[in-house]
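The hints should help you fit chain C onto chain S, whose structure is shown.
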Amino acid sequence: MNYPIWDVSFGAGLLIALVAGLHVFVSHFAVGGGLFLVLTERKAIKNHDHALLNWLKAHTKFFVLLTVVYGAVSGVGIWFTIGLISPTATSDLIHIFVWGWAIEWVFFFVEITAALLYLAGWDKLSPKLHQWYGWIYFWAAFASLVVINGIITFMLTPGSWLDVHKFWIGFFNPTYWPSLFFRSAICIALAGIYALITASVLKDKDLKARIVRWGALWTIPSLLALIPFGYWYIREVPAALFLSARGLMPTATHYAFLAWSLLAVTFILMLLALFTPRRMHLVFALVIGLVALGAMDSFEFVREDVRKPFVIENYLYDNSLYAAAMPGDGGFTVDNLNTVGVLHSAAWIDQRTITAENQIAVGHEIFRVECQACHTANSYRGIHQLLEQRQWDPTTTRAMLSGLALMHNGVMPPFAGTDPERDALAAYLNTLQTITPTPATDGKLIYQNNCSMCHQDHPNDQFFTSIVTDPKAAADSFKDLTSIFPLMPDIKLNEPQRTALVQYLNTQRPPAQHAQNQPSPAAEGGK
Amino acid sequence: MIDPSIVPIVDPNPLPAPYWLFKLLLLVTFTLHIIAMNFMLGGAFLAVVARFTSKGKEFRNRIFLDLAKKVPVFLAATITIGIAPLLFVQAIYGQYFYTSTILIAWPWFLILVLLCIAYYGFYYVVYNGQRRPGPAGIVLLVSLTFVLIVGFIQSNNVTLMQTPAHWAAKYFASPTGWSNNLSDPTLIPRYLHFVTSAIAVGGMLLVLLALARWKSDREYATYLFQYGGKSFMYATMAQFIIGTWFLVTIPRNLRMIFMGDNPLASVLFIIGILGTIAAIFLMSNAIRKQNIRVAAYGVSGLLAVVIITMIIMRDILRDAYLEPYFHPHQFAVKTQWAVLPVFLVLFLAGVGLWLLMLKRYGLFSGNKPPLADTTPTANAAAETEVELVH
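Chains as they are written, first to last, in this note's numbering: chain S, 1 to 527; chain C, 1001 to 1390.
Everything labelled a hint here was simulated from the structure, so no lab data went into it.
Just so you know, not all the hints are guaranteed correct.
Estimated spans, in silico, between C-beta atoms of each pair [stated by the list, open to error]:
#1 PHE10/S with PHE1172/C: 20 to 28 Å
#2 VAL265/S with TRP1178/C: 35 to 43 Å
#3 ALA58/S with PRO1251/C: 41 to 49 Å
#4 ALA58/S with GLN1130/C: 39 to 47 Å
Since this is a predicted model, take the numbers as computed values, not measurements.
Note that the Cβ used here is the ideal one computed from N, Cα and C, for glycine as well.
Pulled out of the complex, with its shape left as it was, chain S reads as follows (with noise of 0.2 Å):
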């Protein structure tokens, strides 16, 4: 609301997960990958292993080429797209740690220049001095994750910077040290996968033998260690948050289960790889990193979900607002918002005023300034998919909009904005949709479209635990369910609708819920 909202058809969102997603991927081999070189330069020195050394050679050109083009230009592209798409949490970082920022930038610098004079000097230097420059290279890299790794883990788990406000407080948060060591792990095992590919087109079968059962040692044990790193790193992060991953919030639980899935598969086929070197072809490299970075995707996109609906945890909403107010947010807070309007307080809006005319128009700006940091209307997390799977009508989508915070463990920040405010924005979304009207006896579909979001198909949730079996008290009870539970969305379910979802919350209920919530014989019989 206080910058202008880039609007990315396809989602911007999308945007970044394609640059990120891959830089990652380069980015931790060029950690890896130089401790890799300077360590295997000196294994084929000692063994008096030329064709290793020629071999290394090739592959330091390719290390180079990879890391120092496509790794150092996706990574400013990462901050070129998030200063496009979340300027507002782009600048509060950039306040917070400019000198980590500075700092990194060192290390940077010094790491590509290591780097080109260590190609460079495959034919001109000492072994020694060679190495030296390996060495200066590697250190420099690792520098630059040490670092980075204390921004990127402050967004997840600020712990008292919150508080306190000061630099290395934010820094060294709560999951800084299980981050790096996970990182390391990630950086190791991508230098022994990244080794196969350049190995795999040799023609020499002894040296490719030779250097994929060395890049399994770097691969395998890193593969390993990434379970307890990872057990660690899960622990830092607060309960509730993780929650998301274990079932609350559809995508992140995906991902979770993704993220250990692929790293089981790589470390398989890494185990193949190991058991039959000779045979290592380009193709089964190739599908050794692409598994390994599907599993790496899936751990940051994991990481980014359980973060959700915060880019800095507690502290920014996704969509730039300030969870609480403070000197200086300019009245960008949700609290604020639900005094002032959205219209009152954000600058890029071209709407000043709602009126019957132009309520869909004023909807579609404040859908803008709102919800599309995550959302598109049609494609990527797009409204009109999500709507036309939910088919809510204008009423319901209406009261949706105040449960936003309490939906898949909190993955939405909560509507901000005035009661008009919210009705425009109601009515834009459904425009979105077309409704194609419920079955009133399909009390299941009732239950998918309305309650599933905030509530699971577990028996220990308050949709089996709290609500009585009697099916008209029952049914009755879903008449105000704000009464229920005053934060709920005042949903109006007709008459047979709610009949149907008791039939269907009493059929997924545990014997012993039915026991325990029957009026009892006594009170029946005080009655």
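Just chain C, lined up with the frame of chain S:
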């Protein structure tokens, strides 16, 4: 003028050091970035010209190969050094920078794609220039075109960033990030001013290459000197026309800062013009007298002075454009004493290590090929090849 309230407010986090420190770091690192960029762009430009005029001229082909080899290194330096001003400009001009980039978001994003392709193109030429000069020339031309487009997008952004009055109309016409700043009359002359200075610096690069070969290969070095020196002179002379064009397109009230309204800007303007004239005469004289040292050291020195004055003038002009909106005292400042010294120490250590890396590589030891003559048995890989042959 638009409602200034559309200019985003700065975020709640205070500046972590005094404003002047960011400004200083911005200007110093931007100067270094521009110098690297000039070597890259000017080098690539002159390499392309040399390649396509090389028929029957062996030295032109050598110039093409010699320059092409250096271009990726200068591009690496341009990007790597460029990160620092990109950081510091966001620290103090973030409100303007983010907004203008959002308005031109797709072209701005395209920079990454163009840069990546151009970069690989430059490397293609390094590895294939000798064997396949035909395709290499075309690839170099394409890469050069791409970096020229990148520069044009940068100019669009910089001009748009300092004219908030133009923002709202562009954004509300289309929020899809496809705007540009072509309607700004300063855009084209400003862009050409930068490109032409890059060509001049590219000419200076050839003079420096001539100096390095002066003793070992006098004939080629003389050719380089002539070719580079004249490129420098002609490009610099053209600057008088382009610079004047640029100057007259700047709104009058802002233009006057160089003509008395702002004493510092006016003095710098005079130094810049006199320095440029002096550089042309000095170069002309050096070419006539075949005095490579005067050309390489004297003119370079003058050129450095001129570049610095231009960078400072550029900054003063930006602040003049933003004067209705931007005042340094708007920032709350809370210096992060716990980390600023760490940066300064690491920065100095980094520069020291960087110089040591170059020194140990032999880059400061004149014309000698680095260490190759001192460690004939050192290269295990080279040995390998020998052994394999045996």
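Hints, one by one, checked against the model:
1. PHE10/S with PHE1172/C: 20 to 28 Å: holds, 22 Å
2. VAL265/S with TRP1178/C: 35 to 43 Å: With Cβ atoms ~41 Å apart, the hint holds.
3. ALA58/S with PRO1251/C: 41 to 49 Å: Since ALA58/S and PRO1251/C have Cβ atoms about 57 Å apart, the given range 41 to 49 Å is violated.
4. ALA58/S with GLN1130/C: 39 to 47 Å: violated, 19 Å
Hint violations for this structure: numbers 3 and 4, all remaining hints satisfied.
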